[in-house]
Amino acid sequence: MQQTQKTTAVTFHTITEHDAGQRIDNFLLRQLKGIPKTRIYRIIRKGEVRVNKKRTKPEQKLQPGDIVRIPPVIMEEKKPLSKAPDHLLRLVKEATLFEDEELIVLNKPGGLAVHGGSHAELGVIEILRQLRSDLDYLELVHRLDMETSGLLLVAKSRKMLQALHTLLREAHQIEKHYTALVSGEWKGGTRKMTHTLERKQERTQKVQVSDTGKASTSIFTPLRHYKGATLMDVQILTGRMHQIRTQLAYLGHPIIGDERYGDEKQNRYFAKHHHSARLFLHATLVSFKIDGKTYSLEAPLSEELQKVLQTLV
219 MQQTQKTTAV TFHTITEHDA GQRIDNFLLR QLKGIPKTRI YRIIRKGEVR VNKKRTKPEQ
279 KLQPGDIVRI PPVIMEEKKP LSKAPDHLLR LVKEATLFED EELIVLNKPG GLAVHGGSHA
339 ELGVIEILRQ LRSDLDYLEL VHRLDMETSG LLLVAKSRKM LQALHTLLRE AHQIEKHYTA
399 LVSGEWKGGT RKMTHTLERK QERTQKVQVS DTGKASTSIF TPLRHYKGAT LMDVQILTGR
459 MHQIRTQLAY LGHPIIGDER YGDEKQNRYF AKHHHSARLF LHATLVSFKI DGKTYSLEAP
519 LSEELQKVLQ TLV
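Counting in the numbering used here, the sequence shown runs from 219 upward without gaps.
None of these hints come from the bench; they were simulated from the model.
Each hint should be verified, as a subset may be incorrect.
Once the Cα atoms are required to be at most 25 Å apart in a straight line, the calculated SDA-like pairs of lysine to any residue come out as [as the list claims (entries may be wrong)]:
1) Lys394 <-> Leu321
2) Lys279 <-> Leu386
3) Lys377 <-> Ile233
4) Lys377 <-> Asn244
5) Lys279 <-> Leu307
6) Lys394 <-> Lys279
7) Lys507 <-> Thr384
Whole structure, please, built from the sequences with the hints as guidance.
Next up, the structure:
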(Lines of atoms letter the chains of each structure in order from A and count residues from 1; the text may use other names and numbers.)
(Lines give C-alpha, C1' and ligand atoms only; values in the text may rest on other atoms or scores of the structure.)
Protein backbone atom coordinates (compact mmCIF):
# COMPACT_ATOMS: atom_id res chain seq x y z
CA MET A 1 0.00 0.00 0.00
CA GLN A 2 1.59 3.29 -1.11
CA GLN A 3 1.83 6.09 1.42
CA THR A 4 2.53 9.81 1.20
CA GLN A 5 2.92 12.37 3.94
CA LYS A 6 0.53 15.22 4.60
CA THR A 7 0.18 17.80 7.33
CA THR A 8 -3.31 18.13 8.73
CA ALA A 9 -4.97 21.43 9.59
CA VAL A 10 -6.12 22.38 13.06
CA THR A 11 -9.43 20.63 13.67
CA PHE A 12 -12.15 20.98 16.28
CA HIS A 13 -14.36 18.06 17.30
CA THR A 14 -17.55 18.31 19.32
CA ILE A 15 -17.93 15.17 21.42
CA THR A 16 -21.11 13.20 20.78
CA GLU A 17 -22.81 10.51 22.86
CA HIS A 18 -20.89 7.92 20.80
CA ASP A 19 -17.52 9.35 21.82
CA ALA A 20 -18.36 10.34 25.40
CA GLY A 21 -16.82 8.43 28.27
CA GLN A 22 -13.52 7.60 26.61
CA ARG A 23 -10.14 9.02 27.55
CA ILE A 24 -8.73 11.84 25.46
CA ASP A 25 -5.65 9.77 24.53
CA ASN A 26 -7.82 6.95 23.19
CA PHE A 27 -9.97 9.45 21.29
CA LEU A 28 -6.87 10.92 19.65
CA LEU A 29 -5.52 7.48 18.74
CA ARG A 30 -8.75 6.85 16.84
CA GLN A 31 -8.77 10.26 15.19
CA LEU A 32 -5.08 10.23 14.25
CA LYS A 33 -4.70 6.67 13.00
CA GLY A 34 -1.12 5.82 12.16
CA ILE A 35 0.35 8.38 14.58
CA PRO A 36 2.62 6.72 17.20
CA LYS A 37 1.40 6.79 20.80
CA THR A 38 4.54 8.64 21.83
CA ARG A 39 3.63 11.55 19.55
CA ILE A 40 0.05 11.57 20.83
CA TYR A 41 1.26 11.90 24.41
CA ARG A 42 3.78 14.56 23.37
CA ILE A 43 1.17 16.88 21.85
CA ILE A 44 -1.02 16.41 24.93
CA ARG A 45 1.88 17.13 27.28
CA LYS A 46 2.93 20.25 25.33
CA GLY A 47 -0.60 21.65 25.55
CA GLU A 48 -1.25 21.50 21.81
CA VAL A 49 -4.41 19.48 22.44
CA ARG A 50 -7.14 21.45 24.18
CA VAL A 51 -10.50 20.46 25.64
CA ASN A 52 -12.86 23.41 25.94
CA LYS A 53 -9.84 25.71 25.37
CA LYS A 54 -8.01 24.23 28.37
CA ARG A 55 -4.95 22.00 28.62
CA THR A 56 -5.72 18.35 29.22
CA LYS A 57 -4.15 15.14 30.52
CA PRO A 58 -4.18 11.71 28.83
CA GLU A 59 -6.57 10.24 31.40
CA GLN A 60 -9.23 12.97 31.10
CA LYS A 61 -12.58 11.46 30.12
CA LEU A 62 -14.59 13.26 27.48
CA GLN A 63 -18.16 14.41 28.05
CA PRO A 64 -20.94 15.13 25.54
CA GLY A 65 -20.54 18.65 24.17
CA ASP A 66 -16.81 18.93 24.91
CA ILE A 67 -14.89 20.68 22.14
CA VAL A 68 -11.51 19.10 21.39
CA ARG A 69 -8.82 21.02 19.51
CA ILE A 70 -6.42 18.79 17.58
CA PRO A 71 -3.25 20.54 16.34
CA PRO A 72 -1.63 20.10 12.91
CA VAL A 73 0.25 16.80 12.68
CA ILE A 74 2.22 15.06 9.96
CA MET A 75 0.40 11.90 8.94
CA GLU A 76 1.01 9.05 6.56
CA GLU A 77 -1.72 9.23 3.94
CA LYS A 78 -2.76 5.72 2.97
CA LYS A 79 -4.17 4.74 -0.35
CA PRO A 80 -7.95 4.24 0.00
CA LEU A 81 -9.07 0.66 0.56
CA SER A 82 -10.14 -1.25 -2.51
CA LYS A 83 -13.82 -1.86 -3.04
CA ALA A 84 -14.75 -5.29 -1.76
CA PRO A 85 -15.58 -7.70 -4.59
CA ASP A 86 -19.21 -8.74 -4.91
CA HIS A 87 -18.59 -12.29 -3.68
CA LEU A 88 -17.11 -11.00 -0.39
CA LEU A 89 -19.92 -8.49 0.10
CA ARG A 90 -22.40 -11.31 -0.49
CA LEU A 91 -20.50 -13.65 1.85
CA VAL A 92 -20.55 -11.19 4.75
CA LYS A 93 -24.17 -10.22 4.10
CA GLU A 94 -25.25 -13.87 4.17
CA ALA A 95 -23.19 -14.41 7.35
CA THR A 96 -25.34 -11.95 9.32
CA LEU A 97 -27.26 -13.88 11.99
CA PHE A 98 -28.70 -11.11 14.14
CA GLU A 99 -29.01 -7.34 14.29
CA ASP A 100 -30.61 -4.85 16.63
CA GLU A 101 -30.06 -1.15 17.29
CA GLU A 102 -26.74 -1.78 19.10
CA LEU A 103 -25.23 -4.97 17.72
CA ILE A 104 -24.56 -7.01 14.58
CA VAL A 105 -23.72 -10.70 14.96
CA LEU A 106 -22.07 -12.65 12.16
CA ASN A 107 -21.35 -16.32 11.58
CA LYS A 108 -17.85 -15.66 10.27
CA PRO A 109 -16.66 -18.07 7.58
CA GLY A 110 -13.38 -19.86 8.19
CA GLY A 111 -10.45 -18.47 6.20
CA LEU A 112 -11.62 -14.86 6.33
CA ALA A 113 -9.66 -12.45 8.56
CA VAL A 114 -11.65 -10.26 10.94
CA HIS A 115 -9.70 -7.19 9.80
CA GLY A 116 -7.30 -6.27 7.03
CA GLY A 117 -3.57 -6.68 7.51
CA SER A 118 -0.47 -8.15 5.96
CA HIS A 119 -2.30 -11.24 4.68
CA ALA A 120 -5.32 -9.49 3.19
CA GLU A 121 -6.26 -5.87 2.56
CA LEU A 122 -9.88 -6.44 3.50
CA GLY A 123 -11.24 -8.30 6.49
CA VAL A 124 -14.76 -8.75 7.84
CA ILE A 125 -14.93 -5.31 9.46
CA GLU A 126 -13.79 -3.44 6.32
CA ILE A 127 -16.21 -5.41 4.16
CA LEU A 128 -19.07 -4.85 6.62
CA ARG A 129 -18.40 -1.10 6.67
CA GLN A 130 -18.68 -1.02 2.89
CA LEU A 131 -21.79 -3.16 3.01
CA ARG A 132 -23.40 -1.03 5.72
CA SER A 133 -22.37 2.47 4.71
CA ASP A 134 -25.65 3.65 6.26
CA LEU A 135 -24.10 3.15 9.72
CA ASP A 136 -21.72 5.72 11.22
CA TYR A 137 -20.11 3.36 13.73
CA LEU A 138 -19.00 -0.27 13.41
CA GLU A 139 -16.27 -1.79 15.57
CA LEU A 140 -15.22 -5.36 16.36
CA VAL A 141 -16.04 -6.36 19.93
CA HIS A 142 -13.52 -9.21 19.87
CA ARG A 143 -11.49 -11.21 17.38
CA LEU A 144 -11.41 -14.69 15.93
CA ASP A 145 -8.41 -16.33 14.28
CA MET A 146 -8.62 -16.28 10.50
CA GLU A 147 -9.03 -20.07 10.38
CA THR A 148 -11.75 -20.11 13.08
CA SER A 149 -15.39 -19.78 12.06
CA GLY A 150 -18.43 -18.79 14.06
CA LEU A 151 -19.89 -16.01 16.16
CA LEU A 152 -18.36 -12.57 15.75
CA LEU A 153 -19.84 -9.54 17.51
CA VAL A 154 -19.73 -6.06 15.99
CA ALA A 155 -20.84 -3.02 18.02
CA LYS A 156 -22.92 -0.31 16.37
CA SER A 157 -22.18 2.24 19.11
CA ARG A 158 -19.29 3.14 21.39
CA LYS A 159 -21.58 2.64 24.38
CA MET A 160 -22.20 -0.99 23.40
CA LEU A 161 -18.52 -1.57 22.64
CA GLN A 162 -17.44 -0.27 26.05
CA ALA A 163 -20.16 -2.24 27.85
CA LEU A 164 -19.17 -5.50 26.16
CA HIS A 165 -15.46 -4.89 26.79
CA THR A 166 -16.30 -4.44 30.47
CA LEU A 167 -18.16 -7.78 30.48
CA LEU A 168 -15.26 -9.49 28.71
CA ARG A 169 -12.84 -8.28 31.39
CA GLU A 170 -15.04 -9.59 34.19
CA ALA A 171 -14.89 -13.37 34.56
CA HIS A 172 -18.08 -15.32 33.87
CA GLN A 173 -20.01 -12.28 32.59
CA ILE A 174 -20.04 -13.60 29.02
CA GLU A 175 -20.54 -17.31 28.32
CA LYS A 176 -18.62 -18.43 25.24
CA HIS A 177 -18.62 -21.94 23.76
CA TYR A 178 -16.70 -23.41 20.84
CA THR A 179 -17.05 -26.69 18.97
CA ALA A 180 -13.82 -28.49 18.07
CA LEU A 181 -12.96 -31.81 16.46
CA VAL A 182 -9.80 -33.09 18.12
CA SER A 183 -7.38 -35.87 17.40
CA GLY A 184 -7.64 -39.04 19.48
CA GLU A 185 -10.12 -40.41 21.99
CA TRP A 186 -10.87 -38.08 24.88
CA LYS A 187 -10.77 -40.15 28.07
CA GLY A 188 -13.37 -39.48 30.74
CA GLY A 189 -15.93 -36.72 30.85
CA THR A 190 -15.88 -32.98 31.41
CA ARG A 191 -12.63 -31.44 32.60
CA LYS A 192 -11.94 -27.89 33.76
CA MET A 193 -8.32 -27.10 32.99
CA THR A 194 -6.11 -24.10 33.76
CA HIS A 195 -2.74 -23.56 32.08
CA THR A 196 -0.41 -20.58 32.00
CA LEU A 197 0.12 -19.42 28.42
CA GLU A 198 2.58 -17.02 26.83
CA ARG A 199 3.99 -16.26 23.39
CA LYS A 200 7.06 -18.26 22.49
CA GLN A 201 8.87 -15.08 21.47
CA GLU A 202 7.90 -11.42 21.51
CA ARG A 203 7.00 -11.19 17.83
CA THR A 204 5.92 -14.73 17.11
CA GLN A 205 2.31 -15.73 16.51
CA LYS A 206 2.63 -18.96 18.48
CA VAL A 207 1.72 -19.60 22.12
CA GLN A 208 3.04 -22.18 24.57
CA VAL A 209 2.31 -23.45 28.07
CA SER A 210 4.91 -22.04 30.48
CA ASP A 211 5.50 -21.30 34.15
CA THR A 212 5.48 -17.55 33.62
CA GLY A 213 2.46 -17.00 31.38
CA LYS A 214 -1.07 -15.80 32.07
CA ALA A 215 -3.59 -18.17 33.65
CA SER A 216 -6.00 -19.51 31.03
CA THR A 217 -9.03 -21.62 31.91
CA SER A 218 -11.30 -23.71 29.71
CA ILE A 219 -13.95 -26.37 30.33
CA PHE A 220 -13.69 -29.33 27.94
CA THR A 221 -16.71 -31.60 27.39
CA PRO A 222 -16.77 -34.52 24.93
CA LEU A 223 -19.88 -34.48 22.73
CA ARG A 224 -19.29 -37.51 20.52
CA HIS A 225 -16.56 -40.09 20.01
CA TYR A 226 -15.44 -41.15 16.53
CA LYS A 227 -12.71 -43.48 15.38
CA GLY A 228 -9.52 -41.51 15.94
CA ALA A 229 -11.27 -38.27 16.89
CA THR A 230 -13.58 -36.65 19.44
CA LEU A 231 -16.07 -33.83 18.96
CA MET A 232 -15.71 -31.40 21.88
CA ASP A 233 -17.55 -28.49 23.42
CA VAL A 234 -15.10 -25.98 24.86
CA GLN A 235 -16.23 -23.19 27.16
CA ILE A 236 -13.57 -20.54 27.68
CA LEU A 237 -13.47 -18.63 30.98
CA THR A 238 -10.56 -16.47 29.82
CA GLY A 239 -9.79 -15.14 26.36
CA ARG A 240 -6.10 -15.62 25.62
CA MET A 241 -4.56 -15.74 22.17
CA HIS A 242 -4.87 -19.27 20.71
CA GLN A 243 -6.08 -20.49 24.11
CA ILE A 244 -8.15 -23.47 22.95
CA ARG A 245 -5.66 -24.54 20.29
CA THR A 246 -2.70 -24.39 22.67
CA GLN A 247 -4.43 -26.17 25.56
CA LEU A 248 -5.77 -29.02 23.44
CA ALA A 249 -2.40 -29.57 21.77
CA TYR A 250 -0.72 -29.60 25.20
CA LEU A 251 -3.26 -32.18 26.41
CA GLY A 252 -2.38 -34.44 23.47
CA HIS A 253 -5.57 -33.73 21.51
CA PRO A 254 -4.69 -31.12 18.87
CA ILE A 255 -7.54 -29.76 16.77
CA ILE A 256 -7.97 -31.43 13.39
CA GLY A 257 -6.67 -29.16 10.64
CA ASP A 258 -4.53 -27.02 12.95
CA GLU A 259 -1.40 -26.31 10.93
CA ARG A 260 0.24 -24.37 13.76
CA TYR A 261 -0.28 -26.62 16.79
CA GLY A 262 -1.61 -29.82 15.24
CA ASP A 263 -0.37 -33.21 14.10
CA GLU A 264 0.80 -32.89 10.49
CA LYS A 265 0.33 -36.59 9.73
CA GLN A 266 -3.17 -36.64 11.23
CA ASN A 267 -4.11 -33.47 9.35
CA ARG A 268 -3.07 -35.04 6.04
CA TYR A 269 -5.07 -38.18 6.83
CA PHE A 270 -8.24 -36.23 7.64
CA ALA A 271 -7.83 -34.01 4.59
CA LYS A 272 -7.53 -37.06 2.33
CA HIS A 273 -10.15 -39.35 3.88
CA HIS A 274 -12.61 -36.93 5.50
CA HIS A 275 -12.32 -33.81 3.32
CA SER A 276 -11.18 -31.74 6.30
CA ALA A 277 -9.58 -28.78 4.53
CA ARG A 278 -9.23 -26.35 7.45
CA LEU A 279 -9.11 -25.90 11.21
CA PHE A 280 -12.14 -27.54 12.82
CA LEU A 281 -12.84 -24.85 15.42
CA HIS A 282 -16.14 -22.99 15.49
CA ALA A 283 -17.46 -20.31 17.88
CA THR A 284 -20.86 -21.83 18.58
CA LEU A 285 -22.54 -19.93 21.40
CA VAL A 286 -22.31 -16.55 23.13
CA SER A 287 -24.62 -15.54 25.97
CA PHE A 288 -24.64 -12.38 28.10
CA LYS A 289 -26.92 -9.88 29.79
CA ILE A 290 -26.56 -6.15 29.27
CA ASP A 291 -28.82 -3.26 30.31
CA GLY A 292 -31.45 -5.77 31.43
CA LYS A 293 -31.53 -7.50 28.04
CA THR A 294 -30.37 -11.09 27.63
CA TYR A 295 -28.59 -12.12 24.44
CA SER A 296 -28.26 -15.82 23.65
CA LEU A 297 -26.71 -16.30 20.22
CA GLU A 298 -25.87 -19.51 18.39
CA ALA A 299 -24.10 -20.15 15.09
CA PRO A 300 -24.63 -23.48 13.31
CA LEU A 301 -21.66 -25.36 11.91
CA SER A 302 -20.94 -24.59 8.29
CA GLU A 303 -21.93 -27.12 5.65
CA GLU A 304 -18.22 -27.78 5.15
CA LEU A 305 -17.70 -28.84 8.79
CA GLN A 306 -20.94 -30.82 8.89
CA LYS A 307 -19.77 -32.85 5.89
CA VAL A 308 -16.56 -33.73 7.74
CA LEU A 309 -18.61 -35.16 10.61
CA GLN A 310 -20.84 -37.08 8.21
CA THR A 311 -17.81 -38.89 6.80
CA LEU A 312 -16.86 -40.01 10.32
CA VAL A 313 -20.18 -41.71 11.09
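Could you work out which of the previously given hints the structure breaks and list their numbers from low to high? 5 and 6
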